[in-house]
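Student: Residues per chain are reported as follows:
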Amino acid sequence: MTQAANPVPAIAVQSLTVSFGEGAARIHAVKGVSFAVAEGEVFGIVGESGSGKSTILRVISGLHRDWSGTLTVRGAPVGIRRSKQFYKLVQMVFQDPYGSLHPRQTVDQILAEGLFVQGMGDRERRIQRALYDVGLPAAFRFRYPHQLSGGQRQRVAIARALILEPRILLLDEPTSSLDVSVQAEILNLLRHLRMQQRLSCLLVSHNLAVIAHMCDRLAVMNAGRIVEELDAAQLRAGRADHPYTRQLMRASKGYDRKTAAALVSYD
Amino acid sequence: MSQRAEKPLGWRRWLLAETPWSRLQAELGQAYLAALSFARNRLAIVGLSLVLLLLLIALFAPLLATHAPDAQNLTMRLHPPGAAAWFGTDELGRDIYSRIIYGSRITLGIVSLVIILVGPLGLVIGCAAGYLGGWLDTVMMRLTDVFLAFPRLILALAFVAAIGPGIENAVIAIALTAWPPYARVARAETIALRHSDFVSAARLQGAGALRIIRRQIVPLCVSSVIVRLTLDMSGIILTAAGLGFLGLGAQPPSPEWGAMISSGRRFILDQWWVAFFPGLAICLAGLGFNLLGDGLRDVLDPKQR
Amino acid sequence: MTGGSSAPLLEVEDLRIGFRSPHGVVEAVRGIDFSVGREKLGIVGESGSGKTCTGRAILRLLPDHAELSARRFVFDGTDLLASSEHDMRRIRGRRISMIMQDPKFSLNPVMTVGAQIAEAYATHARTNSREARRRALAMLEAVRIRDPERVFAAYAHELSGGMGQRVMIAMMLITDPDLLIADEPCSALDVTVQMQVLAIIDDLVRQRGMGLIFISHDLNLVASFCDRVLVMYGGQIVESCAAAELHRAAHPYTRGLLAALPRLERPVEELAVLERDPAWLRPQERVAR
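Residue numbers (our numbering), protein chains in the order written: chain A, 1 to 267; chain B, 1001 to 1305; chain C, 2001 to 2289.
The hints are simulated quantities; they were obtained by calculation from the structure and are not laboratory data.
A few of these clues could be false.
Unchecked claim - Facing chain A, from chain C, some residues (calculated, C-beta under 8 Å):
#1 T2192
#2 L2198
#3 A2199
#4 P2262
#5 R2263
#6 L2264
#7 E2265
#8 E2270
#9 L2271
#10 A2272
Stated by the list, open to error - With a straight-line Cα cutoff of 16 Å, these simulated EDC-like cross-link-like pairs (lysine to aspartate or glutamate) come out:
#11 K253/A / E2265/C
#12 K258/A / D2202/C
#13 K253/A / D2218/C
#14 K88/A / E165/A
#15 K2104/C / E2158/C
#16 K31/A / E228/A
#17 K31/A / D66/A
#18 K258/A / D2203/C
#19 K2104/C / D2183/C
#20 K2104/C / E2184/C
#21 K84/A / E165/A
#22 K253/A / D2190/C
We treat Cβ as the ideally placed atom computed from N, Cα and C, and that holds for glycine.
So that you can see chain A by itself, here it is in the shape it has in the complex (with noise of 0.2 Å):
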């Protein structure tokens, strides 16, 4: 589990910067952002919007195009573009499950497209694997994501990620758009499947709670940069250094009005 262990990082970014839109109005997204998530590791990125955690995980991903730095991944390092191949390897679950399927496919098209796109044989098999994996009944194959909860529906979401069996998991707020008794089922699955298959992953959330129920180590970002990186005891102990940090477990803790009377900008 340790970068001891296994030299070669699952992902390694190196001073990445990231920028939006042209001339005056170019805003500077990621500014030299670099860590790196060890082989079977889950590293955690937590921050508020616009700090930049939500467009690493869609430049990784290959969905934002403009960017600079080094990225590799499992020792190769990655371009602009992506291969089919980097995506068998490399796959994410976004943050709306009401987004992020097919509003007129049923679950066992949703499930087939990547299998169709990989080229990958034995569906029938796989297809019923990735359902019994994430805990959904096989009756629901045929269902249209219409006729599904919420938390199924993420569910669906990630067998789609996992039926093509990748190595590293990119996981976008999974659980930010979900009910509390929904989110604990997500997170034991999401748990249980990245040990059970040896996943290493990138959790990105704004919840301090989850990304330390989830990590071992994580990085703390504020407007652009990450100001703190910590493992996830450091994090429960509250030995965090940086006032940020401090500032955010503080309010994380619920309504106070000295904190509340006490919060400063840090950007």
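Given chain A's structure and the hints, the job is docking chains B and C onto it.
Tutor: Okay, now just chains B and C, sitting in the frame of chain A:
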């Protein structure tokens, strides 16, 4: 009796099953639900009936007609509607009722040819331009701007004038002038869908642009194009009739409705039936397609749900 | 009555809300009793629990196919069920205001926010435009906007989420209502912004002696912010307690929700999963609250 009542119930249950056991069952179930909601719209049913009636008339024209459409009887010129000729006769003594019955074949022929040409063309151009963007989008959209800048009938007139009058050329002219609005509709929908998460997910599975357009985007754009096409059908029928009226579409003696009105306009004050009945036929056909389109929009358009 | 020190502002007994659908009437709220005084009352529940319907029912802002009934539904002496639409318009905004989740959808995009706040004031107080403008600016200052003149002249799309929500609060409070309903007022905001917005609501509610109904899915937030909490499940109130006592909740649903939350200070291998008991959905004996 009881068995009879049970059988459709069993089918209904199979169609509405919460957990379909095959893709076919799931798709039929969805189609059944759509049909149910379509059937609740009375006007849509009226529209569907009119369109079906038109289809049946065209199909069984030889059985329904009382005379041959181009049989002249100069002793019966401009005969008013009556037992001998239900809708009267025209200036050459041809039976107007029979001509309208046969004319439905021409109208339906034009309509179906235009659908086959325009629907896929507009859909493909719009989806490709919307999804790929860049110079392709710019070129395609400026091209549609050029087409949209002219009134459709004027543009169709220009095309027919250039390639010569005739029914086939009229169809080509109408199709050439009709595709840009569909491309616009498809493009607007595609742009709204392009950055949705399910398209991103398809990209992350390694699917190429062509496959994403075909599998993810077109199925969602096709319904609004169908709706628009049905609503536009009356306009297409009118354009075809307009070309016929101006003598640039179907040529005499073919019983095209627009051409019939054109020849009847000389007698419109004294022998009203010559122009009235073809006009009524155009009206009813247009109304049928319009009502059908409205009903289809309620069922198919995802934004209306 | 655990929290209210004065006579209740709003009394609700056996409130039922159903929605007519092709498959019959779907019940969203199934007979709930509660009252609100000049206090902060939290309503927590997951999606589909009926909490949002309850909030909207108080302003009679339910869609046409909804059916509303109650044995008692009284706001400050006015029977809300018997009131005409005309009477309701006088109550909405002036006596009871509502803050919704996303200010982007609640503000008029083609009017400056200042004009909207001033209009809200002018329609209720029947005053001239200069006075309305003065009050609007004062209200923007009260929600701690640093540069009220600039925000007054801005359009909704030019504001950040936190700023937009402050503007909404200013607009809803300028008429000095007696009861404020806040439906997930900060779920779209970052935690730190959320804290600041809550502090503004907290101060204003306290200073003006208003009643507040705070509808949220976030148990922690409600427990730390409100005086009293109602927990809703399947259209019923399954638990009612003082907010500070929420961690000692008795109902298995509330306890299940609390256990399902990952917590910084309490590491677990596996999060507790809520086992839903169909018995929770059966009508319950009315407990005196």
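Student: Hint by hint, which ones does this structure get wrong, listed from lowest number up?
Tutor: Every hint satisfied by this model.
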